[in-house]
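Undergrad: The primary structure of each chain is shown beneath.
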Amino acid sequence: MGTTNFLDWKIREAKRKKRKLFCVFLTCGFPDLAATERLILSAEQAGVDILELGFPFSDPLADGPTIQYASEQVLKRSLSIADAFALVRRVRRKGSRIPIVFFGYLNPVYAYGEKEFARDAREAGLDGLIVPDMPPEEELAFQKECRKNKLRLVYLVAPTTTDERAKGLVQRSQGFVYYVSLRGVTGVRSGIPKDLEERLKKLKRMTDKPVLVGFGVSAPGQARVIAEMSDGVIVGSAVIEHLKQGVGPAERFIEKMAKAVHGS
Amino acid sequence: MKKQPDAAGHFGPYGGRYVPETLMKACAELTCAYQKLRKEKKFRQEVRHYLETYAGRPTALYEARNLADHFGRGRIFLKREDLLHTGAHKINNTLAQGLLAKRLGKTRIVAETGAGQHGVAAATAACVFGLKCVVYMGAVDIERQALNVYKMKLLGAEVRPVYSGSQTLKDATNEAIRDWVTHVEDTHYLLGSVVGPHPYPMMVRDFQSVIGKEARAQVLQAVKKLPEYLLACVGGGSNSMGFFFDFLKDRKVRMIGVEAAGEGVASGHHAVTMMKGKPGILHGMKSYLLQDPNGQVQLAHSISAGLDYPSVGPEHSYLRDSGRVRYESATDREALRAFELLTRCEGIMPALEPAHALAYLPRLMSKTKKTDVVVVCLSGRGDKDMATVQKHLKA
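Residue numbers (the numbering used here), protein chains in the order written: chain A, 1 to 264; chain B, 1001 to 1395.
Because the hints were derived from the structure by calculation, they are not lab data.
Glycine residues also receive a C-beta, built at the ideal position from the N, C-alpha and C atoms.
Pairwise CB distance ranges, derived in the manner of DEER restraints: (1) B:1269 / A:263: 54 to 60 Å; (2) B:1032 / A:116: 36 to 42 Å; (3) B:1390 / A:147: 55 to 61 Å; (4) B:1186 / A:73: 33 to 39 Å; (5) B:1186 / A:208: 35 to 41 Å; (6) A:244 / B:1278: 30 to 36 Å; (7) A:94 / B:1186: 47 to 53 Å.
Please construct the entire structure, taking both the sequences and the accompanying hints into account.
TA: What follows is the structure, encoded as structure tokens:
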């Protein structure tokens, strides 16, 4: 493992086919590791382009009640980064070629050892990394390790980000750019922020990288509209909400959302 | 010693700004505004005006002769922050940040609180400056500190219970930050300690440094020399940082920060961040942090809610590593004994937080010379702790 970066490959393909990207966030281990594994394995079939594997943290600052809840449930039984890596290794062995991006707060990564993390993540078969509480100004040595290991570091751009700063962020972001569609934390919202289209246009002028929109995306109609304005959408809390009902309902929801995003 | 922090808020390897992108602009704006205001004469005068005419500064430096007699050697002085309006040093920071929020054009402040002391001080400042105030408080703490919750409500603040995580200060801080992320345009986050993302550790230190500035001048006047020792409690570390800061350049002044050892360091129920924690990232900063091997934050424990925090201000972490400040700890029991001792000797009931600093005196005074001068920061008064004390001590 570690030669092909599926994220690079997927993004090149999407560009060539002018296809929107549909990204699903899962809290690793919620409701259990078997469910996460099954969802990763069925994701490609369901039309998911990128998978964000959320690693639970005791203090998830950027997350709303849904993901907080899922994280708390997982941590009651404890979960290590090594467990998450083992899961990725398992799905790769079973032939999954879906791009998997690790989404986690910095402290668990820091405690694992940044250098070791970059090496082991790639080795396990992860393609990218999102650390919502690590701006590009901090942990420069770690960023270098990620580059060295070809672990793509994706940065977030927020509605409050100044144009000046956004230019730097999109330039440094690898793979794609994660646009946070609203001021606030993750969670299910209805409607579409008023300034979204304007902001996306501006961002698109700054970069060729795909710009994906996340935070608050929860319904097919809303996802379709956002996908038209952008290069794709990221859905997290809404998936977790369905997952509370069971893996089946979550899978059906994912399929529905994928169809909406891809316009089929 | 190089001036700390650097332009990006780093104290050596600690501090920094580890926040979600949505908050980067607010942190940058706040830093910029604060850098301008700290140099502005009018702002400084305004802060001083409120500190002097409203909060009750300067606070006294009292020589505790009976207490020194009890130990049989050395001289002990108490910096009386307990005499301030609302009962603790917290008001130094909330008045200054309240003024700053107004200057920034914000109409609303949010604050986190554990014991409710910072919440009350924040709600008080909001009253004075006509700001809307929302205080986040863990549901567990709300139950433990009912009186302060009532006070905050009387002051017109909205107290929002936090049910996530451990339902204490750490989670209240998360929730206050989440609120700030959501209402960043009209809201100032009035953080209560020298923690959080840059510029908070620096800014709160500056606002609290009035403690050390006054104490230094007062002790020089009283004994015509600098003290041999400074002693203060450390939770997040705002009273100690404000107390130590002006003395850092005085190489001969030895400083001791006392953390809460709870039921004992070996029990696992403690808040001894410096000794038992490892560097980590929480609440937007890198600092010593109580955590498990997987990097999940562990709960702190102390009889005093104000010291019940799993991390510590990044400047303290820096001072620990450099050796400039020594960090020790005192247990719940030692703190209660110190509470009793000061009450009996001097007629002063300390809050349980500074009781931890006082609890180190028996160990320190056995080593001091007769002429040695020790200054203890008495950061707050004990009124709020009466129910807790009642449970443990016979009258």
